[in-house]
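Protein chains in written order, with the working numbering: chain A, 242 to 348; chain B, 12 to 137.
Honestly, the hints are just simulated from the structure, not real lab data. Errors might be hidden in some of the hints.
Stated by the list, open to error - A short, non-exhaustive set of chain B residues, derived as facing chain A with CB atoms under 7 angstroms:
id : residue
1  : G54
2  : L55
3  : W57
4  : Y69
5  : A71
6  : Y105
7  : T117
8  : K121
9  : Y123
10 : W127
11 : Q129
As the list claims (entries may be wrong) - Across the chosen pairs, the derived CB separations fall in these ranges:
id : chain 1 : residue 1 : chain 2 : residue 2 : range
12 : B       : G18       : A       : E346      : 17 to 23 angstroms
13 : A       : G257      : B       : T40       : 44 to 50 angstroms
14 : A       : G309      : B       : G26       : 43 to 49 angstroms
Said to hold, decoys possible - Far from chain B by the CB rule (all over 12 angstroms, computed), these chain A residues:
id : residue
15 : S253
16 : D258
17 : T263
18 : H268
19 : L274
20 : S301
21 : K302
22 : S304
23 : S318
24 : E322
25 : D323
26 : F324
27 : G341
28 : G342
29 : V345
30 : I347
If you're wondering where the values come from, they're calculated on a predicted model, not measured in any experiment. No residue lacks a Cβ here, since even glycine has one placed at the ideal position from N, Cα and C.
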Amino acid sequence: DIQMTQSPSSLSASVGDRVTITCRASHDISHSLAWFQQKPGRAPKSLIFAASTLHSGVPSKFSGGGSGTDFTLTISSLQPEDFATYYCQQYNSYPLTFGGGTKVEIK
Amino acid sequence: VQLVESGGGQVRPGGSLRLSCAASGFAFTNHNMNWVRQAPGKGLEWVSSINIMGNYIYYADSVKGRFTISRDNAKDSLYLQMNSLRAEDTAVYYCVRLRGYYDALTDSQKYYFDYWGQGTLVTVSS
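All chains, full assembly: derive it from the sequences and hints.
Put into structure tokens, the structure is as follows:
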């Protein structure tokens, strides 16, 4: 199975900050990596697929990068609505696996 | 796109439950589908996938042999039959659509989770 490791597990940031979350896969997954945002009590929402392609309707302040085993999600200027938990997920092979999540909190 | 889960509730260990997901707003027969769950206060865990025709099915090891995924394309519905339920199956269960795209780098079709239902809570407790 491919293990997905996210870091940090949580971070505190201020409105306007640039934030980067990293995700590491235990094996090469090429670009088969997605990112999701989840707010408390709500279902996850798709942000990015294919490591760097924005899902429909997602604002350009979100960007993704990386390939192989190392990936990043960057929020260019944090806004109040961006405080949430973010998950990466590989879909290169079954079983599909998620990272443990990164909780972005208000400083 | 709308995915509406139902069928959750409280059940005793060893019991059974059948979840349903009603799809609307898109051509259900064009999409592979999945179930993903989230235990209270925990992260996301993929449970099962089914392709359009229902002839390619995958399960997480944690549910293999106990859960059965199925779909009825005539009713635009996805199902999850859960048997021999355990306390560790307690979670919100999400119905999730897969969207396909062509990956030029690997010259292959890839699929990612694009839309999620609101979830249905399953509680396994005596």
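The hints, checked one at a time:
1. G54: Holds, about 5 angstroms.
2. L55: Check passed: Cβ of B:L55 comes within 4 angstroms of chain A, closer than 7 angstroms.
3. W57: Holds: closest Cβ of chain A sits about 4 angstroms from B:W57, inside 7 angstroms.
4. Y69: Given a least distance of 5 angstroms, the restraint on B:Y69 holds.
5. A71: holds, 5 angstroms
6. Y105: holds, 6 angstroms
7. T117: Hint on B:T117: holds, closest Cβ of chain A at ~6 angstroms, below 7 angstroms.
8. K121: Because about 6 angstroms separates B:K121 from the closest Cβ in chain A, which is inside the 7 angstroms limit, the hint holds.
9. Y123: The hint holds - B:Y123 has a Cβ within 7 angstroms of chain A, the shortest such distance being about 4 angstroms.
10. W127: Since the shortest Cβ distance to chain A is 4 angstroms, the answer is holds.
11. Q129: holds, 5 angstroms
12. B:G18 with A:E346: 17 to 23 angstroms: violated, 34 angstroms
13. A:G257 with B:T40: 44 to 50 angstroms: holds, 46 angstroms
14. A:G309 with B:G26: 43 to 49 angstroms: With a Cβ separation near 44 angstroms, A:G309 and B:G26 satisfy 43 to 49 angstroms, so the hint holds.
15. S253: Given that every Cβ of chain B is farther than 12 angstroms from that of A:S253, nearest at about 19 angstroms, it holds.
16. D258: It holds; A:D258 is separated from chain B by about 24 angstroms at its closest Cβ, greater than 12 angstroms.
17. T263: holds, 16 angstroms
18. H268: holds, 14 angstroms
19. L274: Contrary to the label, A:L274 does not stay out of reach of chain B, its closest Cβ about 9 angstroms off (not over 12 angstroms).
20. S301: It holds; A:S301 is separated from chain B by about 18 angstroms at its closest Cβ, greater than 12 angstroms.
21. K302: holds, 20 angstroms
22. S304: holds, 17 angstroms
23. S318: holds, 25 angstroms
24. E322: Fine: 18 angstroms to the nearest Cβ keeps A:E322 off the interface.
25. D323: Answer for A:D323: holds, closest chain B Cβ roughly 18 angstroms.
26. F324: holds, 18 angstroms
27. G341: Non-interface label fails for A:G341: nearest chain B Cβ at 5 angstroms, not farther than 12 angstroms.
28. G342: violated, 5 angstroms
29. V345: Its Cβ never comes within 12 angstroms of chain B, the nearest being 15 angstroms, so this holds.
30. I347: The claim stands: A:I347 keeps its Cβ more than 12 angstroms from every Cβ of chain B (closest is about 20 angstroms).
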